[in-house]
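A.B. asks: Each chain, letter by letter, is given below.
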Amino acid sequence: MNKGLVLAALVAVAGCAGPRTEALLADPGGLPPVAGVAAVPFHPQAEKACGPASLAMVLAWSGSPVPPTALASLVFTPGRDGSMPPDMIAAARREGRLAVRLHGLRAVLAELAAGHPVVVLQNLGLEVRPVWHFAVAVGYDLPARRIILHSGLEERAAMPLDTFEHTWVRAGQWAVVVLPPDRLPAAAGERETVEAAAGIERAGRLAAAAAAYRAVLSRWPESLPAAVGLGNVRYGLGDGDGAAEAFRMAVGRHPGAAAAWNNLAHVQLELGRLAEAEDSARRAVELGGTGEPYAATLAEVRAARVAATSSASVR
Amino acid sequence: MAGQSVRRGMVALVTAATLLLSSIPATTFAALVSTDEIIAASAARGDRARVAAFLAREDVQAQMRALGVSPDEAHARVAALSDAEVSRIAGHIDTMPAGGDALGVIIGAAVLVFIVLLITDIAGLTKVFPWTRSVRE
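Respectively, the protein sequence lines represent chains C and E.
Here the first sequence stands for residues 574 to 888, where the numbers follow my numbering.
Here the second sequence stands for residues 78 to 214, where the numbers follow my numbering.
Derived from the structure by calculation, the hints contain no laboratory data.
Even for Gly, the Cβ is constructed at its ideal location relative to N, Cα and C.
Among the hints, erroneous ones may be present.
Unchecked claim - One side of the interface only, derived from the structure: several residues of chain C facing chain E at Cβ under 8 Å:
#	residue
1	653
2	753
3	802
Sequences and hints are given; from them, build the entire structure.
C.D. replies: Given below as structure tokens:
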């Protein structure tokens, strides 16, 4: 280990430029040279609590002010004396926010340019002696080669972009954007975004999940998971008509989606539209086979129709 | 939670149907296909992958309990993650980074480590000491 450290020190004395920083400066693409998110409230961290503090900052920016002390129970792991990255993502979703993992330094800066603060994990030390640290990126200045961070006890601290790159790459390039549920990240794909929305649904924040699914559909109208997800959360919220509308949109765009027909059948059954429900349930079985849950749905719908007919004939 | 409320809805529905028409037994229990299953299906992943992800979740929860996180809390943390996100962390909790502190970490560092970190700080490779200025600043 000592040999490695000495070697690292020898290599380091030269002063290392970061390859990603160099690439960004050589070709900024559509990135403006300077960007900043003005309205990110700063929370100085308590000991070992850079995770809760960082999360509190982005949550407050996104319109959901929660004190860091209240977030500690959601993210802090006593056995590790710190907060683990997946718990940061989960906690943001449990607060009804759209939390999406970003890939690449360019994506981080693109979010900043779009006015979205980004939670980053850094290893401020060396691989053999890590010092893990969460901070919130709030701006950058490419010509000056700087990134601006709310970090530890420092508000809007400027760090050389090269140093940030080294510390961030050493921490696995972990960066997450936390947004209001109706706002989409600038630099994330459909799949990650819809999974983030599904995370909000699984955390039980149905109204927020509905907003997120709607936002996904506004950018990716063909997203089947978003359309079905919207139907499922509306159903969970007791909005049968809204759920039927979403499922109908799903089968309109994806006529071969058995699951969407199945869910539509359920809602139609519940709304008392028994003939339509049977049509939908039959489509689900035709497309998806007689396995669960399609055959069960069809049986349930048919039973309801039989019951309706027999009760009508009794009258 | 969403699943539970949907299921509760379905149970209520089945119960109502059974009460109304006692001649027709509520046989198979049907439910909505969840959003997760749609996502899993659209990624062309089979049942096996889902089962694996499920086992991974149990694994993750067991590890978290050992780390001082209550079972309920562990469940809530894992629940908000996608299958893909969960399978990435399963089995790696002990080696996963835990962002703790940038305050006072150097206390107890050996002299060699101190000097190495001082040099790397100045070179802009690390940023352990708040009072160092890298050559790039």
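A.B. asks: Would you pick out the hints that fail for this structure and give their numbers low to high?
C.D. replies: 2
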